[in-house]
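Participant: The lines below spell out each chain.
Protein chains: 4
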Amino acid sequence: MAGSSYGTIFRITTWGESHGKALGVVIDGCPAGLELGEEDIQRYLDRRKPGTSALTTQRKEDDAVEILSGVFEGRTTGTPISLLVRNTSQISKDYSDIASCYRPGHADYTFDTKYGFRDYRGGGRSSGRETIGRVAAGAVACKILERLGIRVRAYTRAIGPVEIDPSRYEEALRLSTPTAMPDAEANEKARDYLAQAREKGDSVGGCMECLVDGLPAGIGDPVFEKLDANLAKAAMSIGAVKAVEIGDGSLVSRRCGSENNDAFFCAADGSVTKLTNHAGGILGGISDGSQLVVRAYVKPTPSIYQPQKTVNQSHENIEIQIRGRHDPIIVPRAVVVFECMTAITVLDAMMLNMPAKLDSLENFYRN
Amino acid sequence: MAGSSYGTIFRITTWGESHGKALGVVIDGCPAGLELGEEDIQRYLDRRKPGTSALTTQRKEDDAVEILSGVFEGRTTGTPISLLVRNTSQISKDYSDIASCYRPGHADYTFDTKYGFRDYRGGGRSSGRETIGRVAAGAVACKILERLGIRVRAYTRAIGPVEIDPSRYEEALRLSTPTAMPDAEANEKARDYLAQAREKGDSVGGCMECLVDGLPAGIGDPVFEKLDANLAKAAMSIGAVKAVEIGDGSLVSRRCGSENNDAFFCAADGSVTKLTNHAGGILGGISDGSQLVVRAYVKPTPSIYQPQKTVNQSHENIEIQIRGRHDPIIVPRAVVVFECMTAITVLDAMMLNMPAKLDSLENFYRN
Amino acid sequence: MAGSSYGTIFRITTWGESHGKALGVVIDGCPAGLELGEEDIQRYLDRRKPGTSALTTQRKEDDAVEILSGVFEGRTTGTPISLLVRNTSQISKDYSDIASCYRPGHADYTFDTKYGFRDYRGGGRSSGRETIGRVAAGAVACKILERLGIRVRAYTRAIGPVEIDPSRYEEALRLSTPTAMPDAEANEKARDYLAQAREKGDSVGGCMECLVDGLPAGIGDPVFEKLDANLAKAAMSIGAVKAVEIGDGSLVSRRCGSENNDAFFCAADGSVTKLTNHAGGILGGISDGSQLVVRAYVKPTPSIYQPQKTVNQSHENIEIQIRGRHDPIIVPRAVVVFECMTAITVLDAMMLNMPAKLDSLENFYRN
Amino acid sequence: MAGSSYGTIFRITTWGESHGKALGVVIDGCPAGLELGEEDIQRYLDRRKPGTSALTTQRKEDDAVEILSGVFEGRTTGTPISLLVRNTSQISKDYSDIASCYRPGHADYTFDTKYGFRDYRGGGRSSGRETIGRVAAGAVACKILERLGIRVRAYTRAIGPVEIDPSRYEEALRLSTPTAMPDAEANEKARDYLAQAREKGDSVGGCMECLVDGLPAGIGDPVFEKLDANLAKAAMSIGAVKAVEIGDGSLVSRRCGSENNDAFFCAADGSVTKLTNHAGGILGGISDGSQLVVRAYVKPTPSIYQPQKTVNQSHENIEIQIRGRHDPIIVPRAVVVFECMTAITVLDAMMLNMPAKLDSLENFYRN
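Residue numbers (this note's numbering), protein chains in the order written: chain A, 14 to 380; chain B, 14 to 380; chain C, 14 to 380; chain D, 14 to 380.
Rather than coming from a laboratory, the hints here were simulated on the basis of the structure. Just so you know, not all the hints are guaranteed correct.
When chains are identical, the list treats them as one kind, so a pair holds in a single copy or across two.
Claimed, not checked - List time: in silico DSS-like cross-link candidates among lysine-lysine, alpha-carbon distance up to 30 Å:
| id | residue 1 | residue 2 |
| --- | --- | --- |
| 1 | Lys202 | Lys156 |
| 2 | Lys370 | Lys322 |
| 3 | Lys34 | Lys370 |
| 4 | Lys34 | Lys202 |
| 5 | Lys34 | Lys62 |
| 6 | Lys322 | Lys34 |
| 7 | Lys370 | Lys156 |
| 8 | Lys62 | Lys156 |
| 9 | Lys202 | Lys370 |
Please construct the entire structure, taking both the sequences and the accompanying hints into account.
Facilitator: Here you go:
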């Protein structure tokens, strides 16, 4: 399994390289009857588009999506939805210097070892452009989740040492700041921090956070297909992510059980909630009705404008100087990818959950 | 998919509850010709056995494994290997107090919500005993990996605030200390720390680390089936794990690219290595030939001996007092589970990698 | 994938060899809340038991099933159901003559080629005893289908040239005649035919038919996962089946469209039916609400009591004489296997179908 | 799983409707290093193109394929290969008469029931045009198999009552006669037979046969993933196929074991063959080194030019008269689809087989 598919019932298959003719995704298993237009998808793709601020690469990428199948008279038909984005602004000559050498922090060496050769124009399949398919499919998943009363939102939690203060969270900022930080003050500080890195020809890392509200309890499975296990895979499958946390994450390792356990509480209306949410909305791999909290830590962009030691294909030690246009940080553009992967994971788990009880199956087919 | 299977070619299916008749695993896709006896598997199961020290629960669990199929004249036949462990010391009455209430930090509430009712004797399917199948299967994966020159080893990296010092690492201690810490000094400190928690009827968390040596470059896939994505899923699917890191993990989010990039280097013998290994052995989802480094953070055992607020099945707010025998920490027994899940993940990725090049396929079938 | 699992949501994994310690199955994804006891399963296993008449092998096989997990207080819990059948009457010495030679019509040669060696005691994994797991799991699927108002029944349609006459169909005979023929006259003729074959030390083939009543329209998928495609796979995965038909099967190849098309018809109550059912209940891979009709053609038992030319492991041309106890025909015992595989296929397709419409998903989670 | 994907390691995902913008396929898991150009694929697509003779529909379909990804400098890179065919000659108004009624023998009714509505322009997703993606992917599989010395070829075995005589088989005719019959005499007779049917506005069925030469012994799995089970699924997943046979197929049900068993024989060079091949090259689900023989029976095209009784969406009994351009027989164009599905199945089984022996795994990674 070359691994370009994700999901079991709501299943996506992405394809395309940074400098090929096009990129895209096939969504198989999308329920029939969803109103869907290209604008629904474009809105999400635009969030990962570069060139929107000084923070991101200066390349111009239009990334206009075309729906090729699976939608008839404005509604999904239940058959595969094929989405296509043509590559328009990729200039191959920019990358000729790296054709025969292995850039540190990139997948050049591992691709050559695995496949015998590689598409050396940019990152090829391991480019950030690979995520176009994920985002296009995620836009559809998000639209379905909205219909179910579920809201998924990701944002930048930290850029280098600059962290947001959750008490200053403003939803409007989440989609409008160039850093994707929902905190005006942190956004300013982060821009300064990034400007310094850029001046040195260096790059920086950061942290993304994704919240899911409205997810009912009971979603996920108890062993290998734990909801948190799949959320971790989804996040870690995004290039440059090196750590994933659920709820309070690594902090719990230093806590006592008496601090970390979330007490259940029954409200006046009879509904069960938890007094705290250290668990991040998942117990035993299954959603508990609280907010899902997932965090992903991203490494600094490996493409930097400083000379670096490395090896070429002839296995000679050399020094390289990367040119071209690269983001000094991946995080602000990766946030929507994280949101989309989370949405797909949650939606697929909800679909898989439908026959968990015999009663559900019986009600479904008897009525 | 109820999610009790893991892996694609080397595929395991576990089953069993804490207080059922037995637990076990079916390994499908194990290559034919491996010498295998019950003692190979028992050795791993014994590492997760409780009652070996004051740190772990005082229950006596024999957990003797029986090979029911797939082995003929001492060698695997290529057909499914069924492994069985009878439950012998589970006493159901110990758990009668929790039948109708939702223990904080446990999966009682989420199971009831998902399935309509639950096996309330102990953790049922979400008990730590579920991992018996994983460990039994992992023992087989480890034996195969050894044949391929690959060594997987996990140990306790931290218990609460007590961390090991890698410079004091002693392999002999890894399998012999009650904390599974490979550092004598940290082991001592951790025991003190645990003794204090136990006195208060409280529990603590910790951190596990797993290293894989000898893995060739080129293993893993570039998009959704990244090796690190699958390692993250494998780790996060272990109950109580709340965070996973690859290589330097969350630390990279505060680094610059110039610090974080690992320079490639060509040794005198022509082999390519990296001068540092911040990446933890994986670039672009594919192994780079360096040591794999995976870390998993574990929450404190939710069963504590202090009164806790919670809710019962009738949705009344109540206070409970958990009784019975519970580990004050899960980590020392979970380490072998982590090792086994990592081994299965790596082995499966190696099998899936075989037809990646046309040359490989051609050589395989032409010769 | 060594291929011992079947199904996507209702997923079974079988294991065991003819002469190993035991055989069994793990059912993962069974909905919670089904009343289930060993007797529900035993009833189906008894239908494939040999020694019930002169037609079947004289071996005594008890095949008593034990439920090891997944059932609590008489109901399924939603977690994996592990079913075990110990091998009690297998006598290995019976088979010593065939250890080093390749029996015609058996899988000895192909197993040795694929795996390098084989469990030479009986058929090993390719023995008819492998189907114990399928039948045990199928019993559970059938019980669920009954709850949904769906009835699956298979029977012997032909033994050699002796065919049943559908107009003489008697349901009571289906489960009681030694031939599994639901037609008293055909049963008598078939017994005579079999007696003759047995006298010559020869064996015969036959045909099985399976009908599914009560299946709603809309089950199955339009492309690769067509319901008929999966029913064909299910049937052909039973050892010795060499042909599969849906509805009128191969006869349609000689028909004109005007004869073969089934006209739709709307009854007085507004329900849509078809005036004929040449299609066997499936159009475009999806059930159409009519009776499902599947047929499977079975080759004569390869074990015969006549000298046969073959080759041994040293690649010498030899003559062999098979001894031991073998059915002169497989069909009467395979009928329940066919029924069970059909039931599992249909149930799994029904589970997968649940989120096909957005409305269904919305109703499920909104109410 | 909406079921638009097929294969495990060599995995294809098709998409597109008869009257949408385009159709296509994503091939994931194609080994790196295969020389591949659009002409390799076009050659196969042209074999399913209509309008090449009086026998097939008079529509003009260009079906020009475009490679969008996965090929760099003329060779496959190991990443997904996306293939696109734009729909150019589909005229929607031709189909306006069928928008609200259920054509007999078509999937109109089942689609409406499953999905709530359907793309009523032509067959939508259940159109024969859906097979464009299968053929495009199959062309790649065939090219790889050729490199491994394996040859897959399908042809028309019968049209209505007109059967080919294998003794008159001419390979040149297989790809050149309008019937796809490799026998000049049968081709002539079949054309006459078809002309008569066409005159009456009727349609006819037929039989396709596929042979695989050069496949080594040992490919396939012993239980659910039997090679023959997967070949049956592959064939039955082609629209209009109602029966599948392996080797002598349904004939074996009337044979004695002494006739039907294929004797093994060791040739002078030490190689093992069989003296006959009733089994069609598969024993116990695993290839035995003989020629694979698969047969598929196809129903007459449901679109006929005679008035037919049926039901409309308002559940009224009506009479319809289908117009438009339709093949009087599907078989000659379906032959290449059958060939392609067989090739994909065989190639995928070969890839999955690679780690069957520990020795193979060890040799692969040790050398």
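Participant: For each hint, tell me whether it holds in the structure or not.
Facilitator: Status of each hint after checking the structure:
1. Lys202 with Lys156: Close neither inside one copy (33 Å) nor across copies (52 Å); limit 30 Å.
2. Lys370 with Lys322: Between copies only: 29 Å across, 58 Å inside.
3. Lys34 with Lys370: between (47 Å within a copy, 23 Å between copies)
4. Lys34 with Lys202: Answer is neither: 39 Å inside a copy and 48 Å across each miss the 30 Å cutoff.
5. Lys34 with Lys62: Result: close both inside a copy and across copies, 18 Å intra and 26 Å inter.
6. Lys322 with Lys34: neither (32 Å within a copy, 49 Å between copies)
7. Lys370 with Lys156: Classified as both; 26 Å inside a copy, 14 Å across copies.
8. Lys62 with Lys156: within (20 Å within a copy, 38 Å between copies)
9. Lys202 with Lys370: Answer is neither; intra-copy 51 Å and inter-copy 47 Å both fail.
Hint compliance for this structure: hints 1, 4, 6 and 9 are broken, all remaining hints hold.
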